[in-house]
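Visitor: Here's the letter readout for the chains.
There are 4 protein chains.
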Amino acid sequence: MQITDLINSIADRGLELFAFGRGRALPEDLPGICRALLSERGEASGIALARELVALYGRLDAAGREAFFTLLAREFGPDHDAIATAARAFVAEPSADGALALAEAAEPPRRELLRRINMLPEGTEFVIDLRADALDLVDGKPELRIVDADLKHVLTSWFSGGFLELCRITWETPAIILEKLIQYEAVHAIPGWEFLRRRLAEDRRCYAFFHPALPNEPVIFVQVALVRGLAGKVGPLLDPDAPVGDPAAADTAIFYSITNTLKGLRGISFGSFLLKHVVADLQQTLPNLTTFSTLSPIPGFRHWLETVAPQHDRPAIRAAAEALLPVLAGEGGLEAVGADKALKASLFGLCARYLGAELRPNGRLIDPVARFHLGNGARLERLNWAGDTSPKGLEQGWGLLVNYLYDPAELEQNHEAFVNAGRVATSRAVARQLKPYL
Amino acid sequence: MQITDLINSIADRGLELFAFGRGRALPEDLPGICRALLSERGEASGIALARELVALYGRLDAAGREAFFTLLAREFGPDHDAIATAARAFVAEPSADGALALAEAAEPPRRELLRRINMLPEGTEFVIDLRADALDLVDGKPELRIVDADLKHVLTSWFSGGFLELCRITWETPAIILEKLIQYEAVHAIPGWEFLRRRLAEDRRCYAFFHPALPNEPVIFVQVALVRGLAGKVGPLLDPDAPVGDPAAADTAIFYSITNTLKGLRGISFGSFLLKHVVADLQQTLPNLTTFSTLSPIPGFRHWLETVAPQHDRPAIRAAAEALLPVLAGEGGLEAVGADKALKASLFGLCARYLGAELRPNGRLIDPVARFHLGNGARLERLNWAGDTSPKGLEQGWGLLVNYLYDPAELEQNHEAFVNAGRVATSRAVARQLKPYL
Amino acid sequence: MQITDLINSIADRGLELFAFGRGRALPEDLPGICRALLSERGEASGIALARELVALYGRLDAAGREAFFTLLAREFGPDHDAIATAARAFVAEPSADGALALAEAAEPPRRELLRRINMLPEGTEFVIDLRADALDLVDGKPELRIVDADLKHVLTSWFSGGFLELCRITWETPAIILEKLIQYEAVHAIPGWEFLRRRLAEDRRCYAFFHPALPNEPVIFVQVALVRGLAGKVGPLLDPDAPVGDPAAADTAIFYSITNTLKGLRGISFGSFLLKHVVADLQQTLPNLTTFSTLSPIPGFRHWLETVAPQHDRPAIRAAAEALLPVLAGEGGLEAVGADKALKASLFGLCARYLGAELRPNGRLIDPVARFHLGNGARLERLNWAGDTSPKGLEQGWGLLVNYLYDPAELEQNHEAFVNAGRVATSRAVARQLKPYL
Amino acid sequence: MQITDLINSIADRGLELFAFGRGRALPEDLPGICRALLSERGEASGIALARELVALYGRLDAAGREAFFTLLAREFGPDHDAIATAARAFVAEPSADGALALAEAAEPPRRELLRRINMLPEGTEFVIDLRADALDLVDGKPELRIVDADLKHVLTSWFSGGFLELCRITWETPAIILEKLIQYEAVHAIPGWEFLRRRLAEDRRCYAFFHPALPNEPVIFVQVALVRGLAGKVGPLLDPDAPVGDPAAADTAIFYSITNTLKGLRGISFGSFLLKHVVADLQQTLPNLTTFSTLSPIPGFRHWLETVAPQHDRPAIRAAAEALLPVLAGEGGLEAVGADKALKASLFGLCARYLGAELRPNGRLIDPVARFHLGNGARLERLNWAGDTSPKGLEQGWGLLVNYLYDPAELEQNHEAFVNAGRVATSRAVARQLKPYL
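In order, the protein sequences belong to chains A, B, C and D. To convert, note that position 41 of the first sequence is 41 in the UniProt record's numbering; the numbers rise steadily by one, no gaps. To convert, note that position 97 of the second sequence is 97 in the UniProt record's numbering; the numbers rise steadily by one, no gaps. To convert, note that position 40 of the third sequence is 40 in the UniProt record's numbering; the numbers rise steadily by one, no gaps. To convert, note that position 375 of the fourth sequence is 375 in the UniProt record's numbering; the numbers rise steadily by one, no gaps.
This is chain A alone, in the form it adopts within the complex:
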C-alpha cells in the first residue's frame, strides 16, 4: 500500500516538510485546526492539518467528544443569513438557478470539512468512527442530529455500491481479516479459530464486501452453508466436527449469518445489493444450486409473545397466547408444547403472525430481520421447530428459526408488492399457519 506509507511519512515529517512548522502559530486547539483545514491554508497543508485533527480527536474523553460535535453543530453549519437571503429570493422568484443557489447556501461547511479529512488515507475510517461516536451521543442531544445527518450524507456518497468489492473469504485470507470475522460475528458467535476454520471449509462459503479505503475491514459479511434441501436447524451448520460435505452435491445455499460490521455505517443500506451478488457468484461457481434461502433468527418473537400477544386486539391471538404461555412457563414447557399438536400449531401461527403481519405504528413490520429480507423480495418460506436450541435461540424465539427464500424469478415482484402494497410473500404452508391469526 505505497500511498499509505508515503502519506504516513509525509505526516511524520509532516509539519516540517510542508512548512507548517512548530515555530509558527500551530493551532493546538481543535476549533482552530478545523477552521484552518477549511481555509486556504487547508489546501496547502491539508494533510498535516487533518492528521493533527485526527490525533487530537483521538485523545479526547467523552466530554471532549461531545464538545467537538457541539462545535461542529454550532460553528460549522451553514450561514443562516445567507440561507435566508437565498430563501427569500427563491420564494420571490422560483428558478432552477435559485434552487441551486439555495442548495449551496444550505450545504453545511461540515461536509467539506469531512471531505478534507478524507485526504488522509485513514480519513474514511476516521469519519466512520466519528459517525459511531455521533450515534452514541445523538439520542440525548437533538442538536447533534444534524451533525449525524451530515456524517451519514457524506458516508453514503463514499459507500456507493460500485466502489464496494465482493471477495470470497477463505482459509487463505489474511489473518487480520479473519480475526474481524471472529470479532464482529453477531448472529452465531465464533468461539475460536478452529470454529472459524470449519465455517470456511469446502461445504461453506463466506463472502465479504470491502471498500478500497478500508482494505482490511470487511463492511458486511455473509456466511453460507451448502447443503441438500432446506436446512431448518442451525446447530449442525455450526458444529466444528461435522463432516465436510461435497459442495458439488449441494442443491441449496443457506445464508445462516449476515453481519454489518461497522456501527458508523448504520442506516446506509447495501444488503440487498450484497445478497444478490452472492447469489450470482454462487450460481456461477456452483451451477447445481437451485435454492437460495436464509436460516434466520426471530429476534423479538418471545418478547412479543409474552408482552404484546396477551393483550392483542385480535381475540384469536389473545386466546392462543393465553393457552401457550402457562405451558411454556413450566419446566420442560417447550417440549410440552412440541408434544401437543394444537399448541405447537398455535406457536407456529403466532410466530407467522409476528413475522408477517405485526406492524409498527409507522406501518412497517415489527421484526427487523423480516423487514430486511421481505424488503429484498424474499418469501417467508418455512418456520422451523427447535431450529436454534442455544440459550440465545430460546431467549429470542423459543428456538424457532425461519427460512426466507430468495427466488431470483420473483424477487422484484415481491419487493414491489411489499413496498407499494405492504403485501408479504409467503409459502402456502406459512400462509396456512398464519390464516387463523390474520
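Be aware that a few hints might be false.
[As the list claims (entries may be wrong)] Cut-off 27 Å, straight-line C-alpha distance, at most; resulting in silico cross-link-like pairs (DSS-like, lysine-lysine):
#: 1; chain 1: B; residue 1: K152; chain 2: B; residue 2: K141
#: 2; chain 1: D; residue 1: K180; chain 2: A; residue 2: K180
#: 3; chain 1: A; residue 1: K152; chain 2: A; residue 2: K263
#: 4; chain 1: C; residue 1: K344; chain 2: C; residue 2: K233
#: 5; chain 1: A; residue 1: K341; chain 2: A; residue 2: K233
#: 6; chain 1: C; residue 1: K435; chain 2: B; residue 2: K180
#: 7; chain 1: A; residue 1: K233; chain 2: A; residue 2: K392
#: 8; chain 1: D; residue 1: K180; chain 2: C; residue 2: K152
#: 9; chain 1: A; residue 1: K152; chain 2: B; residue 2: K152
#: 10; chain 1: A; residue 1: K341; chain 2: A; residue 2: K435
#: 11; chain 1: C; residue 1: K263; chain 2: C; residue 2: K344
[Claimed, not checked] Derived, one-sided and incomplete: chain A residues facing chain B with beta-carbon distance under 10 Å:
#: 12; residue: S45
#: 13; residue: A73
#: 14; residue: S95
#: 15; residue: A101
#: 16; residue: F163
Hints were generated in silico from the structure; no laboratory data involved. Heads up, the beta-carbon is just placed ideally off N, CA and C, and yes, glycines get one too.
For chain A, the structure is supplied; the task is to place chains B, C and D on it using the hints.
Guide: Only chains B, C and D this time, still in chain A's reference frame:
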C-alpha cells in the same frame, strides 16, 4: 477483478435473473428508466436498470444527448414547491433543523440518480463521461449549468484525495496503462513506444494517481527527469537517444510534464496534493535530491506579447513590445533578439511580467500554468532562453520555458501570501527582470 | 521481488558485509573464484563469490569465454583416478552401492559449481546464457561438449515441468514482457506495438510459460487465432486491420506461431506439455471450440524440392520434381503451377512426401516442425495453397502452409504409433496426396 | 494459481482428455505406471500417469510403501551391465568422454522418474513426502539407502538457493500459512493463535523461505525478537502479555527459534543462507540494530552431563560432574547449584565444554545446534543461567541457554577456521569458563 466479471454476468443474464424480464413492461425509454431507477424498483433492480441506462445513453447522438441533459435539468431537479415551503418556514423561524430541511428539499434528485448509476462498477467512468459531454454542451445552454454543477458535486465527493492511490509507472506497468500515457500526454507529445520507454528509464520517473473504480485509467500523471542542476532546456530531456544517467548522482528533480487525463474531472483539483506526494516519494527513495522544480511551458506569452503588450497601459511594456515585435517578425528574428543584449533582456522582462503580474479582470494571474504552480506555493525561479525550440514551443512562448521551484520549506507561506495577498514568490533574478515592468 | 532487492543489496555491500573484504586475498581471477565457490569458503560467502563470477564473466571477450569453458572442461571435471578406482571396484563386484559410488565419482564438480551460482536470484538466467555461449562454441570444440552436457543436465532439472507456470498474455501484461514477444517472435515477425495489440485482441489468444526464477522472461509462447473452420492462410490472421471476431462464435483454435525464446534452453523439451495445457485452457474458457490445429510453415520444403527431389531414388519423385522445377523457375511460375491441375497436385504430393515420409539417416523425419507436432501426436491434416505468400513463405515452402490437427482423442495413440512404429497420422486427403510418392 | 487449477482439471478429465482411457490397458499397478511414465508413453501422457502414480501411492499402507521403495531400489536403478561396460572402457582408456559416458550409465532411471512426477504441480510436494517416508524406512533397510540418496539428489537440485524466496510473515499473512507455523514450531511451541499474534507484533519479526512450487508451505522459518541488549531468558520473549516494544528503539535482534519444517528436506542445507538474508533484511529495515544473536537451546547437555561426563577421560570434567550431579539430583538442586558460586561456575564450564569442545567420533561437535551456528561462522558468546525454566528447558540443559553471536565482520573467517582447523570462536567470557575443562 472478481466483482466486475460478476456484475457483468448479472447484467448479461441481468434482466432475467432479477426478474426485470422482457415479458414485463420494460422501459425502453430513458426517462422511464431514470424514473424507475430513482423509485422503489430501483432498489430491487438497480443494477439492471443502471446498465440499461448506460447502454441506451451510449446509443444517443448529439441531439439525443442534449435532450437527455435537458431532461435531467427539467425533470430531475428539486421540487420547487417543497423548496418554497421549506424556504418560507426557514425565513419565518431560522434554525439548524430548518436549514437541514431546506438543504434536503433543495438537493436535486439528479444526484441520487448519479449515485444509483454508480452501483455499476463502470458507473464512475460513465458519470465522468457524462460530465465531459455536459461540459461540451453547457456553453450554449445555460439551463444545463445546473446539471454540470451536480455532476461536479458528485464527482468531487467520489474523487476525495484519500481514495486516490499514487503509483510509479515503469516499463513493468501493463501496456493498457502505458498506452494511455501516449494518448493523453498533452505537454510534450510521445511519438511512440520507444520514446515512452526512454521516459521510463532509470534517470526518469513517472507517477500516476489512480482511483479504485478506474484501475486502468490514470487520473493525473507527472513526468520527472533526474538531473544535475536546474534544467533549462526540454529537448535533452525528451531525446530518446540521450544516454541514461545515474539516478543516485542526480541532485535535482525536474517535473517536465503534468497531465490531467480526464476531461470529465475538469475543475476538480488534486494537483497540489499530487505534486507533494511525488516530492515526498522522491525524497524517500532518492535522498540525494535537493531541488524540486518544474520546467514549464508559457502557453499564452507570445499571444499576449503580440496582442496585449503593444496596447498596455504601462508605457514601459508598450515600449518594450514595440521594440521587440518588429525584430521578432523578421526572418531569424528570435536569433536577432538573442544576439542583442537589451532586446533579450526586454523579452525576459516582459515574460516575467506576463507570468508574475498580468491579471485577469477577476484579479487572478492570466497564465494558467503560473496560477497552478504559484497557487501550490512554488516560486517563479528562472526563465530559460531556447528552452523549447519545437514549433509548439516557439508558437506558445517564443521558445522560453520557466522553472517553478518547489521548496518544501516555503511552500505554505508562499501559498498563503499568494492566496491572501496576491503576492508572487520570485527568485532574485526574476525579480530583477520583472522590475522595469511593474 | 523482495529477495532480489535484498540479495542485490547483500551483493552490493556484499564482500564487506560477509567479510570477504578487499583487504584479504580477493580472487580477481575466474579460476580462483570458481575454486573458492566450490570450497568451504563457498558455503560461507557463496553469494558474493557467485556475484563476482557473474560480473567477471560478463566482461570476457570471445577468447576469454572459450578459455573459461576450457577451464570448466579441464579443471572442473570429475577426478579420473577416483573414477578408475570406483570403476575397478564395480567391475570386480557389481552392486547397487558400487553403482552409486561410481555415479558420485563420475559426477562432475562443474554441476555443483553451476548449482552454487544459482544461489543468486539471477543465477538461473546466467546459466542459461552460459549454455547459449557454450552452444556457440561447442561446434568447433568437441572438448567442450561435456561442459554443454553438464549445462543441459542442470537446466533440465531446473526446468522441470511442474515449475513452469502457464499465463495468458494480454494487453494488460507488463510492457517489459510484451516487448519480449516482439523481440523473440521467430515465425511471423511483429513489426511494432500496434501489430502486437491486434494479436492480443478478443479473437486471439497468446499464452506463455514462465519459470519462477525468470519472472519477466517468457520461456515459450504460443499465439492462437480463434476462427470458424480450419484457417489455411496466415495473412488474414496477421493483418492488424482485420475486424475483431467474436471469440464465443469461434469453433476452431489455430496455433499460428510457437516460439522457444531462450537459446540456452535448446533441446530441453516442454513443447508437448505446453500445447496440451493451452488446449485444456481453451477448452475450459471457450467451450464452443471443437477443433485445435496449427497453421505451420514448411521450412525446408523448397530447398529439398530443388536439391534432393531431382535426384531421389524414387522415380515418381524425380519425375514430378523434373516437371515442376522448370515451371516454378520461370516468371510467374507459382501461378502457372497453381493454374495447372496436375502440376499443383504434384506440388502437394511432393510436399506431403517431404513432410510425412522423408527421413534423415537416423530414421527421423527431415522436417523439424513436422517432427515436433507429429511427435506430440498431432495429425498431418491439410496442405494449403498460398498459405503464406510473404517472401519468407515463398522462400521456405513456395507459399504452402500445413495444418497439424491436435485431436485430444487420438493424441496418445498417434504419438505411440509415431514413436514406436514411425507411423505418421494423416488425414485421408493428405494420404491421397502422398500415395503416388510413397 | 491458474496452472494448478488447469492441471487439476486436466487430471480430472485427464485420462479421457488425453486418450489414456479406461477402456484401454490402464496400468492399475504401480510398477506398470512407473514403467509407462519412464517410457515414450510417459512423454505423451505424463501428467495423467504421474497423477495416477501419486494417487495409488497415497492409498498404500506401510508394507505397500516399503514394497514400492524396494521396487525403486531394484528395478529403477542403473543397468549394471552397461555400467560395467563403461567402467571397463574407462579403465582401459580414461577420458572426459568416457567419464561422461560412465556418469550417464550410472545415473539411475529413478531420478528421471522423479523428474517426470514433477510435471505435476504437486509433484514437488509428493517427492518431499516420498523422501520423508524413505527416511523412516531406510534405517532398517540398507538397500533403500540408494533410493534415499536419489531422492536427496533430485531435491537438492530443485531447492537451489536462488529459487527460494524470503518473505516476512505478519498478521496479514494468509491463515493457511500461519497455521503451519503453529504446527511446525519445534523449539518453543505456540499454544494458540493469540500466542502467535504476539510473536508477530511490532517488536518481533518472523521470516520464512518459500519455494515457488510450495506456495503455502514455508520451508524454514525464523523468529526474531527486537530488544535492547543481549537477551538471556526466553520466557519474556514468549510471554503473550508482554508489552510491545518500539522496534526503532531496539539495538539487538535475537533469533530465538529456527525451524526446518519439512522432514523430506532433511540434510539439504540452506540455513546459513537463510540467516544471512534475514540479517541483511533487518539491517536494511532497522538501521539501529547493531547486534545479531541467537538465544538457543542446548539439547543434549543434561544427558551428556549425566551419562558421559562422569566417565570422561579428563579428570577435571569427571571431578566437576561428580561434584555437581548429587546436588542437582536433590530437591531444589538447581537453585542450590545457583546459590553456590563454585558449583555454578562448574556447570557453566562443563556446558562450555559440551558445546565447544566435545566431539563425535567423526571429529564434529556433539551438539547439533552448536554445529549449525558455529559452522555458519557465529561465535559462542554467552551462557545464560535460567534461560529457559520450562520443563523442556530443564530437561534439555538444566535451564541454560546460549547466545551464538552473528557478527557480519567475522562470519567468514570464523567459518573457515571452524571448518578447516576445527577452531571454535568464543567470547572471552566463554573462553574463561571453558579453560579448566580443555
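Visitor: For the pair supplied as a hint, B/K152 and B/K141, is the alpha-carbon distance within the 27 Å limit?
Guide: OK: B/K152 and B/K141 at ~17 Å, within 27 Å.
Visitor: Under the criterion that the straight-line Cα-Cα distance not exceed 27 Å, is the pair A/K152, B/K152 satisfied?
Guide: holds (20 Å)
Visitor: Verify the proposed pairing of A/K341 with A/K435, using a straight-line Cα cut of 27 Å.
Guide: Within the cut-off at roughly 17 Å; holds.
Visitor: Does C/K344 pair with C/K233 here, judged by a C-alpha cut-off of 27 Å?
Guide: Given that 27 Å is the threshold and the Cα spacing comes to 17 Å, the pair holds.
Visitor: Assess, step by step, whether the Cα of A/K233 is no farther than 27 Å from the Cα of A/K392, and give holds or violated.
Guide: With Cα atoms ~14 Å apart, A/K233 and A/K392 stay inside 27 Å; holds.
Visitor: For the pair we were handed, D/K180 and C/K152, check the Cα-Cα distance against 27 Å.
Guide: violated (36 Å)
Visitor: Given the hint that A/K152 pairs with A/K263, does the C-alpha gap stay at or below 27 Å?
Guide: With a Cα-Cα distance of about 12 Å, the restraint between A/K152 and A/K263 holds, given a limit of 27 Å.
Visitor: Hint check: C/K263 vs C/K344, CA-CA at most 27 Å. Holds or violated?
Guide: violated (38 Å)
Visitor: With the threshold set at 27 Å, check whether the alpha-carbon distance from A/K341 to A/K233 stays at or below it.
Guide: holds (20 Å)
Visitor: Restraint: A/A101 near chain B, CB-CB cut 10 Å. Satisfied or not?
Guide: Holds. Min distance 9 Å.
Visitor: If you take the shortest Cβ to Cβ gap from A/A73 to chain B, is it below 10 Å?
Guide: Holds, about 7 Å.
Visitor: Interface hint check: A/S45, Cβ to nearest Cβ on chain B, cutoff 10 Å. Holds or violated?
Guide: holds (5 Å)
When each numbered hint is compared with the structure, violations occur for hints 6, 8, 11.
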